[in-house]
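> Here the protein sequences come in this chain order: A and B.
For the first sequence, the numbering used here begins at 1 and goes up steadily by one.
For the second sequence, the numbering used here begins at 389 and goes up steadily by one.
These are calculated hints, taken from the structure and not from any lab test.
None of these values were measured; they are calculated from a predicted model.
One thing to keep in mind: the hints can contain errors.
[As the list claims (entries may be wrong)] Cβ-Cβ distance ranges computed for the label pairs, FRET-style:
id	chain 1	residue 1	chain 2	residue 2	range
1	A	P329	B	A402	54 to 60 Å
2	B	I413	A	P360	41 to 47 Å
3	B	N450	A	L10	51 to 57 Å
4	B	N450	A	E6	55 to 61 Å
5	A	M7	B	E470	46 to 52 Å
6	B	V406	A	S247	22 to 28 Å
7	B	F423	A	A285	32 to 38 Å
8	B	V454	A	R225	49 to 55 Å
9	A	L69	B	R492	33 to 39 Å
10	A	L66	B	A402	28 to 34 Å
Every residue, glycine too, gets a C-beta built ideally from N, C-alpha and C.
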Amino acid sequence: MRLREEMNRLLDARMNARQVAVTRIGVALAVLLGWASSAETLPRLAEPGVLHVPYVGWFPDPDAPLVALLLGVWGIAALLFMVGWRTRVAGAVLAATLASVLFIDQQMYNNYLYLMVLSVGLLTIADSGAALSLDARGRHRGGQETVAAWPILLLCVQVSIVYGFAALAKLNPDFLSGSVVASYLRRDGPLAVPDAWRALEPMLVLSVLAICSEAFLAVALWSRRWRPAGLVVGLALHIGITGWLVSTNSLFVFSVLMFALFIPFLEAPMGRRAIVWDDGCGFCASWVRWFRRLDWLGALRFVPRSALAASGLPVSEAAAAEALQLVSPSGRVRSGFAAVVGVAELLPISFLWAPLLRLPPLAAVGERVYRRVAARRTCPLPAMSPAG
Amino acid sequence: MPERRSVAAAFVAAFLVVALAVPVIGLFRDRPASFSWHMYSAMGSLPDVWVVDHSGRDWPVNLDAVLASRRAEVDYGPSLFERLCADEHVASVRISTSGEEVVRSCD
């Protein structure tokens, strides 16, 4: 009975349609990057004399026309999925094409390709074209505000499964000896790791660090408290593996895909966080203009100081005149630099690294710079009277 | 509507079972295994392969010329035997993977 109630609650839940749409665009970008990578490897299957290792005998042999068809449909469907034109059809075709590439031959297996099939499939079920899409423009300006949350919840579970099992699989003597990491570190290019550094101790530390990072990510992204740290760890992990491990192209595509899949973890219901700003100040107005442009998730509600009294927000006019104020749905108010960091944590271009700005030295320096800039700002617009 | 709800509930349950069961099974297979998220968890070595002609002489096979992609998850053995034995000059195929050697006659 309780399970049924929980299932009903899960199936009824809704989430910010723009958050799902931004995830769709990020995943589509990764799929296009994956296309560029596979455009080199997939045609090799059709070359004469190249070995085929099929999963099942009845699957069609990958000849040149089939490979060209798969690559063509992959590229076009990914573009349509990204811009959101007939998103559900484009998504279904894209997921089917990616699955065909994945299963056409065992040699085409790639972890990011498998994850793309699952991600595109779930985003298609989630109606990810309901906002920020050509479909949404066609229906009514701005699109829907919410979509069903359950497919996105499954996507989040899948992200945890990827990191969790990646960590578990590394709990083996070979990996723990450090020899696996040592063998995969780059040997050429500007980021090559010299042989002298491939000693036992540093490799052991790197191995343990990799396992801990992946295990932490599998759990931390679900916790409001640990999520900011999780995002920074995720950013560091993916920069690290893309920069210093071999098979850079695949790892770059995988990293872009994972960054896109971090977006659904953000707590960003539509317009639930209020930004209170001083509309008597042109300098503040230009900042707010940028915040508006970059608020692709639509998570922010902009309240000028002149409309503060009617908003019912727990912010005084004096505080709004002094510094930017960010009010969370629970009523918690962050002011000045902390408010800027709070906004940056909700913007798709900065949410991965913005939590770093909370760290003590950076937060203190940021607050000092913010106060100094705020004190020297020029406000060409007429200032508000105390009565508003 | 209730039917649609039941389909969604069944999909959620099936997805979770498959998403968890496949990598759990993968933990008990050789690493790295496909569909199990074994990224960089083991040194995946490719086999060394030789064909043996009817006079008993060994010829190493250049896998770069034969494989579409070098994936440590793939068991190339059966397909390689079939492909290499298709050549009438080949009497047997010898495959060595991580010190383990398998010789199969083409007869």
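> If I claimed the Cβ atoms of M7 of chain A and E470 of chain B lie 46 to 52 Å apart, would that claim hold in this structure?
holds (48 Å)
> Taking the Cβ atom of N450 of chain B and the Cβ atom of L10 of chain A, is their distance within the range 51 to 57 Å?
holds (54 Å)
> Taking the Cβ atom of N450 of chain B and the Cβ atom of E6 of chain A, is their distance within the range 55 to 61 Å?
holds (57 Å)
> Tell me if the beta carbons of I413 of chain B and P360 of chain A are separated by a distance inside 41 to 47 Å.
Given range 41 to 47 Å: holds, Cβ gap about 46 Å.
> Mind checking the hinted window 33 to 39 Å against the Cβ distance between L69 of chain A and R492 of chain B?
Given range 33 to 39 Å: holds, Cβ gap about 36 Å.
> Just tell me: holds or violated, for the beta carbon distance of L66 of chain A and A402 of chain B against 28 to 34 Å?
This hint holds: roughly 30 Å between Cβ atoms.
> Does the beta carbon distance between V454 of chain B and R225 of chain A stay inside 49 to 55 Å, or does it fall outside?
holds (53 Å)
> Taking the CB of F423 of chain B and the CB of A285 of chain A, does the distance hold inside 32 to 38 Å?
violated (52 Å)
> Is 22 to 28 Å a correct range for the gap between the Cβ atoms of V406 of chain B and S247 of chain A?
holds (27 Å)
> At the C-beta level, are P329 of chain A and A402 of chain B separated by a distance inside 54 to 60 Å?
Roughly 34 Å apart at Cβ, these two residues miss the hinted range, so it is violated.
Going down the numbered hints, you'll see the structure goes against 1 and 7, while the others check out.
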